[in-house]
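**Q** Here are the chains, one letter per residue:
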Amino acid sequence: QKEVEQDPGPLSVPEGAIVSLNCTYSNSAFQYFMWYRQYSRKGPELLMYTYSSGNKEDGRFTAQVDKSSKYISLFIRDSQPSDSATYLCAMSALSSGTYKYIFGTGTRLKVLA
Amino acid sequence: DSGVTQTPKHLITATGQRVTLRCSPRSGDLSVYWYQQSLDQGLQFLIQYYNGEERAKGNILERFSAQQFPDLHSELNLSSLELGDSALYFCASSVGNDQPQHFGDGTRLSIL
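The listed protein sequences correspond, in order, to chains A and B. This note's numbering applies: residue 1393 is where the first sequence begins, and numbers increase by one. This note's numbering applies: residue 119 is where the second sequence begins, and numbers increase by one.
Derived from the structure by calculation, the hints contain no laboratory data. Some hints here could point you the wrong way.
[What the hints assert, rightly or not] The list that follows gives simulated cross-link-like pairs (lysine-lysine, DSSO-like), each with its CA atoms no further than 27 Å apart:
1) B:Lys175 / A:Lys1502
2) A:Lys1448 / A:Lys1502
3) A:Lys1462 / B:Lys127
4) A:Lys1434 / B:Lys127
5) A:Lys1492 / A:Lys1502
6) B:Lys127 / A:Lys1459
7) A:Lys1394 / B:Lys175
8) B:Lys175 / A:Lys1462
[Unchecked claim] Computed, partial: chain A to chain B, Cβ under 8 Å:
9) Tyr1424
10) Met1426
11) Ser1432
12) Lys1434
13) Gly1435
14) Pro1436
15) Leu1438
16) Tyr1441
17) Leu1480
18) Tyr1491
19) Phe1495
20) Thr1497
21) Gly1498
22) Arg1500
Every residue gets a Cβ at the ideal spot worked out from N, C-alpha and C, and that includes glycine.
Make a model of the complete structure from these sequences and hints.
**A** What follows is the structure, encoded as structure tokens:
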């Protein structure tokens, strides 16, 4: 079983829809949670960063962390065609004095005009 | 623009060869991370350096090595290359261990 599970999609939605992207994880030691957006042939771009359970909002994006269920989500409101990309969840934990960094495999999102 | 610079953008070489990938972190960032991204494996953490010292190691092969120089730029050396090493190699940087990482646009390595 992978430490982080993410549905690869693809997920197709109409413009203006609310998008929900999710990841589950198995290691309760994960402390920091991130969402990245990656366009084709580009590096991942940081969207959200959080280290506690609850919600964090930034513009059209809301990140939600539920440590008790080991579940994180990214919501995109009023989705735009420019949001079409692959979305990666990522998390990190301090383990035996060093950090480990794990990324999900990414969900491909397509927003249709 | 993330501020992280990677060179070269593309590299084509043959099996058995050795290559060096270079990364310049964002101004002020002391940590540098290297990742490999392939279609079937996703983004895999390889290694992290903080201010010149190795801080964390992931799934890095013994044929691969890295270092961070006093000016904080980093190099990833890949040797005895195999067809399976063909992938995108990303560098990221951050201020510290528990701070968000910012990625460069990667080096696409193709092994023929």
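**Q** Next step is simple, just say for each hint if it's right about the structure.
**A** Tested hints:
1. B:Lys175 / A:Lys1502: Distance of about 35 Å is beyond 27 Å: violated.
2. A:Lys1448 / A:Lys1502: The given pair, whose Cα atoms are some 24 Å apart, holds under the 27 Å limit.
3. A:Lys1462 / B:Lys127: violated, 37 Å
4. A:Lys1434 / B:Lys127: This hinted pair holds, its Cα atoms lying about 11 Å apart.
5. A:Lys1492 / A:Lys1502: violated, 31 Å
6. B:Lys127 / A:Lys1459: This hinted pair is violated, its Cα atoms lying about 38 Å apart.
7. A:Lys1394 / B:Lys175: With a Cα-Cα distance of about 18 Å, the restraint between lysine 1394 (chain A) and lysine 175 (chain B) holds, given a limit of 27 Å.
8. B:Lys175 / A:Lys1462: Holds, at about 24 Å.
9. Tyr1424: Hint holds; tyrosine 1424 (chain A) Cβ to chain B Cβ min 6 Å, cut 8 Å.
10. Met1426: OK, holds: methionine 1426 (chain A) within 8 Å of chain B, min 6 Å.
11. Ser1432: violated, 11 Å
12. Lys1434: Check passed: Cβ of lysine 1434 (chain A) comes within 5 Å of chain B, closer than 8 Å.
13. Gly1435: Hint on glycine 1435 (chain A): holds, closest Cβ of chain B at ~4 Å, below 8 Å.
14. Pro1436: holds, 5 Å
15. Leu1438: holds, 5 Å
16. Tyr1441: holds, 4 Å
17. Leu1480: holds, 7 Å
18. Tyr1491: It holds, given that the least Cβ distance between tyrosine 1491 (chain A) and chain B is near 5 Å, below 8 Å.
19. Phe1495: holds, 4 Å
20. Thr1497: Holds, about 4 Å.
21. Gly1498: holds, 6 Å
22. Arg1500: violated, 12 Å
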